[in-house]
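S.K.: Chain order of the listed sequences is A and B. If you count by the numbering used here, then the first sequence holds residues 406 to 1019, one letter each, in order. If you count by the numbering used here, then the second sequence holds residues 3 to 702, one letter each, in order.
Accuracy of the hints is not assured; some may be wrong.
Calculated lysine-lysine pairs in the DSS-like style (CA-CA distance at most 27 Å, straight line) [said to hold, decoys possible]:
no., chain 1, residue 1, chain 2, residue 2
1, B, K386, A, K615
2, B, K412, B, K493
3, B, K51, B, K413
4, B, K480, A, K709
5, B, K328, B, K222
6, B, K386, B, K413
7, A, K614, B, K118
8, A, K709, B, K428
9, B, K460, A, K693
10, B, K51, A, K693
11, B, K460, B, K51
12, B, K447, B, K480
13, A, K709, B, K481
14, B, K118, B, K217
15, B, K356, B, K342
16, B, K493, B, K51
17, A, K633, A, K526
18, B, K395, B, K412
19, A, K693, B, K328
20, B, K428, B, K412
21, B, K386, B, K481
On the chain B side, residues computed to face chain A include the following (Cβ under 10 Å) [stated by the list, open to error]:
no., residue
22, D184
23, W189
24, K217
25, D241
26, T252
27, S470
Computed Cβ-Cβ distance ranges for the label pairs, DEER-style [claimed, not checked]:
no., chain 1, residue 1, chain 2, residue 2, range
28, B, D427, A, L965, 28 to 38 Å
29, A, D434, B, Q474, 31 to 41 Å
30, A, L965, B, Q343, 48 to 58 Å
The hints are simulated quantities; they were obtained by calculation from the structure and are not laboratory data. By construction, the Cβ of each residue, glycine as well, lies at the ideal position given by its N, Cα and C atoms.
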Amino acid sequence: MTAHEQLEHLALLAEVDDLTDRLSRWIDDCPDWQTAHRARALLKRLLERVHTLRFRLETPLVVATFGGTGTGKSSLVNALVGREVTTVGRERPTTTTPILLVHPDIEPEALELDLSAFNVKRVDAPVLRDIVVIDCPDPDTSETSATGSNLAILREIVPHCDVLLYTSTQQKYKNARVIDELIDVASGCRLVFVQTHAELDSDIRDDWKKFLSSDYEVPEMFFVDSVKALQEQQGDHRPSGDFGRLLDLLSSQLGAARRVEIRRANLIDLLQEALAHCRSDYDANLPKVQELIETLEQQRVRLKETLTGQLCDELLVNRTLWERRLLSSVTDMWGFSPFSAVLRLYNGLGAFIASFTFFRARTSAQMALIGAVQGARWVKSRAKENEAESTLERLSTFGINDQQLQESRLVISGHIHTAGIDYAMSDDRRDLSELRRQAAALEGEFLGDAGRAVDEVIEELAAASGGWLTRVWYEVLFLAYIVFLLGRVGYNFFWSSFLGPIVSGSNSHEPLLEVDFYIPALIFLVIWSGFLVTTFTWGLRRGLTSRIQKFAQSMAESRLLHGLFPNLEETCRYVVRDDQQLTTLLDQTTSFRRHIADPSVGFLGGRREEPAES
Amino acid sequence: MFVARTNPRVGTDRKTSLRMTSGSESTEFQDIASATRRLYDVVQTLQDKAEFLQPAALDGQEWFELLRQKLVPQLGEDPWLVAAVVGGTNIGKSVTFNHLAGSQASATSPLASGTKHPVCLVPSGFSERHDLQAVFPDFALHEWTAAGSALEESDEHNLYWQTSPDLPSTLLVLDTPDIDSDARVNWVRADAVRRSADVLIAVLTQQKYNDAAVKEFFRKAGAEDKAVLVVFNQCLLPDDEQYWPVWLNTFCSETGIQPDAVYLAPADRRAAEALELPFYERPWPVHTGWGPDSVGVNSSPRNLNQDLSRLKFREIRIRTLRGSLKQVLDTTDGVPRHLKQLRLASDELATASKRLSSDAVLKIRDWPSPPNASFVEEIRIWWKARQQGWAKKINTFYDTVGTGITWPFKKARNAIQGEPVPPIDKYREAEWSAILTTVEELFDKLQWMAESGNRMIKPQVEAVLQASTRTQLIQTLKKHHASVDFDAELKSMIATEMASFSEDSPQLFEFYRQLHNVSAAVRPMTSVVLFSLGMGPAGEAVAPLVAGAAANAVVHVVADVAGGTTAAVAGEAALSTVAGQGSGMLQAWFHRLHTVFTQCRVDWLTNLIREELLGNLPEQMQAAANLPSSSEYQEVTAAVDQLAELIQLVADTPASVAALNDDSTVSGVNADSTTDGIVAEDTAATLPIQRNATQESTES
């Protein structure tokens, strides 16, 4: 082996290691899903086998015969080694104890086979230099696989084999039992297809190949006459025809140089098949998980709708609160001015009165809107305080009641059951506290968003109805009365009762204005301010309804980050991720298999990765 | 040559058999025919009935297929014999068949599993006399046109038939698909032919005589007591002369078949294609040390067709029909086994149901207590309607005044606290909670049942457990629950209860006086019985119980009430300690009201759940658990017994044998076969149904 070849060899080994490492990591990282557990259990078993296989990488390849009784397995083995080492018979079945043929230079102990189960024969034949050959019992005379039956013995041996010499005859090539058994054993083995009894039978290789090609890669088939080949060998002739070719290929192609390659190809076959099996299992069960995910999403949407609907209803009902928030917002914006002072006074009085009726905010919506007296900052801090204080109470007013939680749980647990997810709902049926906590958190999140949105709406409305023109207009109207009143009082005080008579010299002092002037003046002041305030607030109210609806829509469009079952949602996401990982692994293995285990090379066949179109 | 096989019974029972057959056998066969048909019918009825137990499907069970494919069509008036060439794939079945037919009736090919559909040779006139379709109920019949059509693959079971003038008028000969290739549909077809056959021409080779598939097939044939002619094909003669007795010995001991004749055919492809394959007859059993030298010099090939025609039709006929009937009635493989399995399944289900009916009772502890305020209100109304004269006027006056005075206070309260929620609405909400809890617990129970239940209950329950059904159920329940008129329910309940109360109690007024003071907070605990199978204690657990602590609360609140009526109202021994006092009476009365109302509601829920979720699952389970005592089961048992009795009557007709030939070209004819011949003649005279066959065989 040149240095370059060695490097290539090592690179391939490293790639296999990498793949098995990735598989091990995937196995350790398992979501609580029954299908995933099943898949892991399967792969775990397989990986164990992979590890033992790695130790065997340097031992000779194990080549075994496989085929129905009477198809000439023993004759073939005899002809291969050129002497009669195993009994050939006309009675069926002939071989019941498997025979292991080993070259004297090879230590059979290194093969990791249970040697007590074999009849071990040391034969110095050229074909055995690099391989050991097992003559197996048949799979088709036993009706059951009871211990000690030929079938049971065969099944013990096959997992240890690297290459199977699959023999068949004109009579037996479509035998169902043999075919069924082959399907089970073929993954993890290279196959050599041999039609025997060439001396008696017609050549059916084309039909046989057609028959096998849906499940197997069949690069080449041999049509041999073992009896003649044995005679030729014994007569020190090189066997002629197909048998000669078969013998050559076995000696040259299964040598030490190809060992690692063949074993690795077998290994990748096994892995790929196991992964494909897991894949189909996932495909069968994943829709149920997806249904669960769908349901969780639906519930989230429903929760959101409930919350939004409830909030909007309350916002619409609590018009006075809106007004106060708006008024305070407008006054904040205007700063100090006569009319804004009036507005503030009105707002403060309203809050004062309201605080008698409502000792505290009864709903979240009210809480979000209440009390502009001390300014927006105060509202926020107060809202926080209230939030912590009565989450549970708010929940019931907000439409997420226990029944709804219970319904959700009932439906979800059904889905969990169908999907086969190991997720423990709380043990005590009546214990809703966990769900309530989740619902409260959910609502907290929602209200946080809502609060911000309400603030925005208020700012916007305030800006719209508290514009410069409106402000001047109302200030002027209000001041007009004040100016008139001051003018009237000033005229009386300075002129008509004092300076006027002095200047004109008349004695007719008008009397100073008295209480019966001031009382109506004040009354009219109140009426005038009342009128102005009412008009102003009426103006504020305009467009409120449509604005609230718009707000509801924007709330509904936003997404809740999680629903009532955050852990479950996490598990579902985990499952989806796991599914994607499996696909990646399978893809990698498949392409790897195509890359290094290309069965079209040489004469070795194997199972197809997927059944071909027939 | 073939040595006639003697049934050990034949010798001892011969006399009785002669007596039996002399006058009554034809009617016996008719009885058997009708009894078989009856069995066939009732078994199917039972199968429908036993659906819940998921019994093994009848189709595919050997005994049932025998009934359908062999006994029901063939136990008719006019007998015939069916001979079929059977064996593994690519060993020369069609070649053998063509030799029988004397032409290339069935296509041959060097490739395996060529023949996909049976080909049948029918004697001339047979198809006019018989309905071929009834003879082969599982096949779609086509008249033979070309040899190739039997090779075509199709999902339908076809059978190609051709008239052959050479055949005896009551002999049908078939070529069959293989029994061991990967085309499993071929096996099904071969099995169907095997069942209707009386004579099997078993083609074997040294490669296949010990194959598992072959052994399985012929073991069944052996159990049905078919006549079997063994043909060892592709022999390497004379080398294999020493091996075939070993092969046949293995074959016979594995399958239990006693071949009626044995032939060897050499591996000679050219002769096979030219329809000139020689079939050499060999005796069986042979002496030890049989070899090429044991064969006589004058051993010449035999004409299979002629040998077949010389079979003793009547004996074979009776033998195979009886063999099939025996299989049908066999305790380990036949109807009795099926019945036993049904009974076992039923018992298993009954045990499981018993456990379920005691465990699957839901105990609901927090069913909401019905609103006392509403009770009191309803009772007031009821009472008012029954007041008369001045009392009514005074009461109405006080009521009006009372309403007038309290009006502003109510208004003020409503303004501050909002409209009070009517108590019945509160109850509705609480009840919905309880319903949800119940449903949740129900699903838990069902899940537990699905997990711990047996294989019959599990799939049924799993179907109920589907996630989508839960959503549906909740929606349906919600809809129904929202449409319940609690006021009306309460009203009618109070009316009934008060009516009975007023009859029992003269101190009604005292009761009414105390009513205002009552504010009982009782929580009725009740049970929802879902699987009342009449097996467990479930039936008694229905009555709701009232928690003790809550009951005491009532006692404290309620003042003394005129006693004396307690016992009549309460009627519950548990409350007798306080029953002597008036408070006890009132408490008991309220318990009763609560109980009755709660029970009403729980019943409503139970019915709804049953209707919407469980369907008739409980009833089905009960019926299935009681299957062995059902009339259908009894009928099958009766039919089996009847048939067994009838068979006993004809059981001792000679069970052997196909006397192939009376000419002694081959040595080894023993005395027994001649005796058989005599018996055959004796009985033939008394048996109109078999006379034809016998005559035919002699004529040919």
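S.K.: None of the hints should be skipped; say for each whether it holds.
M.R.: Hints, one by one, checked against the model:
| no. | hint | result |
| --- | --- | --- |
| 1 | B:K386 x A:K615 | violated, 96 Å |
| 2 | B:K412 x B:K493 | holds, 25 Å |
| 3 | B:K51 x B:K413 | violated, 68 Å |
| 4 | B:K480 x A:K709 | holds, 21 Å |
| 5 | B:K328 x B:K222 | holds, 12 Å |
| 6 | B:K386 x B:K413 | holds, 26 Å |
| 7 | A:K614 x B:K118 | holds, 20 Å |
| 8 | A:K709 x B:K428 | holds, 25 Å |
| 9 | B:K460 x A:K693 | holds, 19 Å |
| 10 | B:K51 x A:K693 | violated, 34 Å |
| 11 | B:K460 x B:K51 | holds, 19 Å |
| 12 | B:K447 x B:K480 | holds, 21 Å |
| 13 | A:K709 x B:K481 | holds, 22 Å |
| 14 | B:K118 x B:K217 | holds, 21 Å |
| 15 | B:K356 x B:K342 | holds, 21 Å |
| 16 | B:K493 x B:K51 | violated, 46 Å |
| 17 | A:K633 x A:K526 | holds, 23 Å |
| 18 | B:K395 x B:K412 | holds, 25 Å |
| 19 | A:K693 x B:K328 | violated, 50 Å |
| 20 | B:K428 x B:K412 | holds, 19 Å |
| 21 | B:K386 x B:K481 | violated, 35 Å |
| 22 | D184 | holds, 4 Å |
| 23 | W189 | holds, 8 Å |
| 24 | K217 | holds, 6 Å |
| 25 | D241 | holds, 8 Å |
| 26 | T252 | holds, 7 Å |
| 27 | S470 | holds, 8 Å |
| 28 | B:D427 x A:L965: 28 to 38 Å | holds, 30 Å |
| 29 | A:D434 x B:Q474: 31 to 41 Å | holds, 37 Å |
| 30 | A:L965 x B:Q343: 48 to 58 Å | holds, 56 Å |
Checked against the numbered hints given earlier, the structure breaks hints 1, 3, 10, 16, 19 and 21 and satisfies all the rest.
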